[in-house]
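Residues in the sequence shown are numbered consecutively from 833, following the working numbering.
Just to be clear, a hint being listed does not mean it is correct.
[Unchecked claim] The calculated label-pair distances, taken between Cβ atoms and stated as ranges, are:
no.	residue 1	residue 2	range
1	N1630	P1920	24 to 34 Å
2	D1560	N1483	53 to 63 Å
3	D1658	I1332	34 to 44 Å
The set of hints was computed from the structure by calculation and includes no laboratory data.
Just so it is clear, the structure is predicted and the values come from calculations on it, not from any experiment.
Ideal placement from N, C-alpha and C gives every residue a C-beta, glycine not left out.
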Amino acid sequence: MSVNQQAHTGLPYGQPQPGYQGYQQSGYGGQQMPGVHQSQYGAYNGPMPGYQQPAPPQGYFPPLGFPLKGSPASPNSDTPALAPNILGALRAPLPTSGAAVPAAQPAYSQFGQGDVQNGITSSAVQMQRPSASQPFIPGTAPTPVSQPATFQQYGPPPTSVQQLTNHMAGMQIGSSTSAPPPAGLGYGLSTSVPSASGSFTATGSGLYASYSSSQTPPSVNMSHGLPPTSLSPSLSLTQPAFSGPPMSAQRLPQAASVVPPPCSTGIGPSSYPPTAGAPRPPTIQGSPLPGQVPTGLPTSQPNHVSSLPPHPAMSGPPLGPPMAGLQGPPPPPTYPSQSGYPVQQNGSFGQVRGPQPNYVGPYPGTPNYGSQPAPPPPPKRLDPDSIPSPIQVIEDDKNNRGSEPFITGTRGQVPPLVTTNFLVKDQGNASPRYIRCTSYNIPCTSDMAKQSQVPLAAVIKPLATLPTNEAPPYLVDHGEPGPLRCNRCKAYMCPFMQFIEGGRRFQCCFCSCVTEVPPHYFQHLDHTGRRVDFYDRPELSLGSYEFLATASYCKNNKFPNPPAFIFMIDVSYNAVKSGLVRLICEELKSLLDYLPREGNMEESAIRVGFVTYNKVLHFYNVKSSLAQPQMMVVSDVADMFVPLLDGFLVNVNESRTIIVSLLDQIPEMFADTRETETVFAPVIQAGMEALKAAECAGKLFIFHTSLPIAEAPGKLKNRDDRKLINTDKEKTLFQPQTSFYSNLAKDCVAQGCCVDLFLFPNQYLDVATLGVVPYQTGGSIYKYTYFQLETDQERFLNDLRKDVQKEVGFDAVMRVRTSTGIRATDFFGAFYMSNTTDVELAGLDCDKTITVEFKHDDKLSEDSGALLQCALLYTSCAGQRRLRIHNLSLNCCTQLADLYRNCETDTLINYLAKFAYRGVLNNPVKTVRDTLINQCAQILACYRKNCASPSSAGQLILPECMKLLPVYLNCVLKSDVLQPGAEVTTDDRAYIRQLVSSMDVAETNVFFYPRLLPLTKADVDSDTLPAAIRSSEERLSKGDIYLLENGLNVFVWVGVNVQQSLIQNLFGVSSFSHISSTLSTLPVLENPFSKKVRSIIDMFQAQRSRHMKLIIVKQEDKLEMLFRHFLVEDKSMSGGASYVDFLCHMHKEIRQLLS
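Between the sequences and the hints, there should be enough to build the whole structure, so can you do that?
In structure tokens form, the structure reads like this:
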């Protein structure tokens, strides 16, 4: 991407938009707005945008001059082949042979049903969970499928290549193979067009430059893997119109070379002189400047409104960089609109756009209520359609990899993206549902790893739920001797162990030690050196399996008791008054029938107990022999003890009538309470002591409403201070107030006591401190700010049901072993560590991940590769001690190009977000942000220097599999933890920080780059989803309804011009003005559109580990500010850069590193 243009001065990096006072700002996070019914803003727990302007952070310079967001440029710019096909370098070449897809497995078109769990349909979330493990019957292990030719090694990237600098215009892809394949995919014209005068030197300017570009389909040479993505230098504001037909969304030929396009109607790229007085910018083809006469006809535009009336001036903040009229030179004179050119979002003449998947027309900002059209501001620079599109990459991966099963038999295979719905066949490596890596081909030496700066990490989800069409891990019982292990490093038997001496000994694949095979395990080898019982033993043929543990793996060499659940309910004034206590008690009556149970068991083995509390604790005896439940009060909270042992933890079925009687009485007993103060630490201590007395592990479900200010251990004070934001003391907001809770967490982990915390705050609650125990015990936090029954009941109850029913391992220890050459050095997630190797978890559920970073401690070899083995020792919900083993083999490389060809950007972003979110505990937020930007610039600069063919410095060249790194990284930088808006509370930031730290890759993917679907494009007669669109306000049309989800919230955005019939069908009201913004669910209406939309929402809810809050947003309504916060490609209210600006900033950083 080139920057041949003059540097201009601008505001510091990170500065918010100039003030737009007088705009009615959204009630955010539940704070009541003047004149608005409070319930409208209840309980929003997700990230929140800031609407007031904070002091500008240092170091960010948004552009002035001609800054408005780019509109589409050349007719070729937006074909679905837009983002280069990501099969090449990133993934394996297109399959040429191999297993066909079974008919029962459809290829989903758009975010198939498995966005988070890759294929769990909504029907899979039933009240009874399927068994997590199945007994292993010898002979039933899956037999291998012959490996398709899909996964072949690549040759080296092309080196002797004519570099195509490709200066920014439409390209035609011919099938001629005369030219060698380009090493850098250029967006724009070929080198035959001279670059415009001048070159932008980024050194020392410290500015963001807004670039301009347009994009073409890539040239492909499958034998070498795809070339990198490059955005090229020559960009111009003089833009002749194209007269040819738009490029269709064609599939590329196997080898294609790029030839310069014929210029339409004889106009060369520089036929127009630059406008008077303007600096001469680089060249681009597209529409003319205001006042110039277009030559040739505009291209036809399917799915695009060809001409919009000029729309009124914006009343809200602008979306792109600030308008030139606000600072800097005045806008140019207004010219009459030329026919055939769509007027873009702010009245400027946009270039004609090629077919954009499912995109009707630009959404014209937030208009005034007057009708005066705004004067057209200056033309835009960089066309957003010319830069890598997440939507396109996701679509391409679905189309290319969604139909073939992913067979794990080959070392170092990069799996399909998390957004692709695919079937996994385990043939010796763990499924990507259990482990995903940042790279599947790791450098052989630490010097090479340091040079590339690509972190080597694995995101491990040991108890992940599999789709119903994939078998859970087999359970292997070796009887008294227990599982077979290496004598030296204690690694467990796995497919990579090498049997020698006729099968009498085996050599460890991790440490090379040779171990005797015990007589009971001996088996002969076949002519290839493989045991003849290879397919009968899961531990020899599969990547994931379980062993039944022997007594030596248990505390005190004694098998554990089944775990217990203790429900601990805050009965202070707030909890009773809001109806929360009654709601919890009613729900528990039925929920206790759905406690987790082992596969074929009639009833759950889990016992339950009940505690209520305010300033004192009330324990309940619910022994089955009693006629009525008995209450015992402990008021000495400084020295907590459990006043009863027998009758506190009981079997649900035996004590059912007593439990129901208790749950009926609790709301009545405390109905007239005036007690507002609560304790917190003694509640956890009581639960832990009860589990200790019962000699079992378990989980506490604590329902809590306020800051614990009553006199007791762990008492807290209100220390919320917004003035600390953007100062060196900001980190204290994320740190706990006291070390008391860290010590308590340590005791809980030792007892196997996991804490799940449900918070219902009406004000500051200090999540950073209260969250310490849930976080370090492997538990979860749920937060419902300004809880109100009518709007939040459904979300809370669904979360509670999922939380109680999900599969959990108790009293767990996880260790990751690696082959010689690398070792696990760092761990991220919700757990406790008392040494450097063992991750200790009082509880680990099926949604939690542990992220592990590896570093070199020796050289690796390309021949042997690198191995990981994750072993999790845990107690099942029936009290069975088990070991779950996951194995993964990776390739090793001596060429940087091989590393960059086998990276996984989604996993990289998951790691970087967790690294940054942990960093804010000890560093200023600005330092953390700069570190992230610097590391990514180094990753991309290393690629440019060592792997890309030589080309002009003005070109931004991105590795094919990392071309989305800038857009995703920008989303992390703009997130509420790292760049909060004025309305984001300290508690929200602490909550999000803890939440993200144990998210899996699919969850971080949609959390940072939300999924945006045009509901009005949905086909009501099919099961498919409408094609997603990019997360930008420019993509919205006033006449459509959109759905946006990010894993915590589902927004339904309704444009002001939506047809009345659609409003009637979806909301059951007659007009736009009658739609209620306070709906928490869509009405159930008997028409195809309503059914379709509700089924889409239900499907998304089923894919997520938490129930998402539904928020109805009407265009031009107050809540639209909140919605816009999630349009992550746009400039954010809190000063975060737009995608276009950030890409330019990254380019500048890379150029500085290279120079």
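### Task
Go through the numbered hints given earlier and state which of them the structure violates, listing their numbers in rising order.
Of the numbered hints, all hold.
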